[in-house]
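Protein chains: 2
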Amino acid sequence: MAEFPIGIKNLIATFERLPGIGPKSATRLVFYLLNTPENYVAEMARLLVALKKDIKICKNCFSVSEKDLCPICEDEKRDKMTICVVERAIDVMAIENVGGYKGIYHVLGGVINPLDHVSPDDLKIYQLIERIKKIKQENKEKNLEIILATNPTMEGEATALYIKKRIVEIDDQIKISRIGSGLPMGADLEYADQATLSRALDGRRNL
Amino acid sequence: MAEFPIGIKNLIATFERLPGIGPKSATRLVFYLLNTPENYVAEMARLLVALKKDIKICKNCFSVSEKDLCPICEDEKRDKMTICVVERAIDVMAIENVGGYKGIYHVLGGVINPLDHVSPDDLKIYQLIERIKKIKQENKEKNLEIILATNPTMEGEATALYIKKRIVEIDDQIKISRIGSGLPMGADLEYADQATLSRALDGRRNL
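Order-wise, the sequence lines are chains A and B.
Numbering follows the numbering used here, with no gaps: position 166 of the first sequence is 1557.
Numbering follows the numbering used here, with no gaps: position 196 of the second sequence is 1587.
Some hints could be false.
The list cannot tell twin chains apart, which means a pair is met if one copy fits it or any two copies do.
Computed list of lysine-lysine pairs in DSS-like fashion (alpha-carbon distance at most 25 Å, straight line) [what the hints assert, rightly or not]: (1) Lys1471 with Lys1515; (2) Lys1443 with Lys1415; (3) Lys1415 with Lys1447; (4) Lys1458 with Lys1471.
Derived from the structure by calculation, the hints contain no laboratory data.
The whole structure should be built from the sequences, with the hints applied where relevant.
Now the structure itself:
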């Protein structure tokens, strides 16, 4: 094989490390960039550098932010008595994109996964418990709801159950809910897997 | 929807412009980058800038190169009497990756496509004809072969036929071939489209 310019090869190798991008896609992307205007590529490079410099983690909910507190935590209108617990900051974005949710968030930074050596101490579970204690102290009369919105995977389910146990230990009056699971919209019963179908039946609602 | 850091939003928008990357993939990539070490992202930014600065177009075959001439055109061992005509530089890479091809290349920079306002003059067809004339002058005794390896699409086929006509005009002794088309390896006759099957039958070979 002939030697291709090292700049092209290195950039392909860098793109290949991204999730969901294999050698063929990486090559295609780099050759596409070769044919794009220089200012587009320069802008992409500038934004990549800025990404690491300018983006912080919110001190309160551990989502992404430009300041110490994210816009959601700063927003007076958000309901501070409803906390949606998610695995990653990208999940906050997904829920915000739907619109309608008026509460605040707590980003765990992952799920408990013994195979990957991720224990509860590696996640922001301690911080969640401390947040809940503080909110309960400051708002003794109000009802607090914790929505456990980790993914409906084995690890996500286990993490949700673990967090539920920890919350009940400090106060069994807190409402704890789990996001609904079942057939996704537009799905076909015929092709659904057994676990999903079983969950859909368990989670049936009155009409 | 809450306002996400502008740096994240802009980078997502930039990634979305890449081929084959939609809003969801772009978001996923940016959040992946947020969790990678800073030096990886910095390296990617550096390579992007370098890509546009350091990569040139080979004066001879119009493939990508770090110097005025690409390594393939400079290589003494390559057979200068076999020219493989391809649409884009990425096709050169694809053929080189297979190994085995010992000739040289000519990159057209696209295909004739009236709908996209791409005429023969927009491609490196004139340069190909000049190259062929020069090679024939310098090597009167030797046989020259031109392999037309544009894609087996409507436009690729038309471009190959057009180039064939132009070459025959200057010298009808030059061997002109077209890359084989038919069923791809591992394919299933049952699922093949009619055009491919018809081409596979036309292109049958003795065993």
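For each hint, the structure was consulted:
1. Lys1471 with Lys1515: Within. Shortest intra-copy distance 18 Å satisfies the 25 Å Cα cut-off; inter-copy 64 Å does not.
2. Lys1443 with Lys1415: between (27 Å within a copy, 21 Å between copies)
3. Lys1415 with Lys1447: between (33 Å within a copy, 22 Å between copies)
4. Lys1458 with Lys1471: within (19 Å within a copy, 61 Å between copies)
The structure fails none of the hints (numbered hints given earlier).
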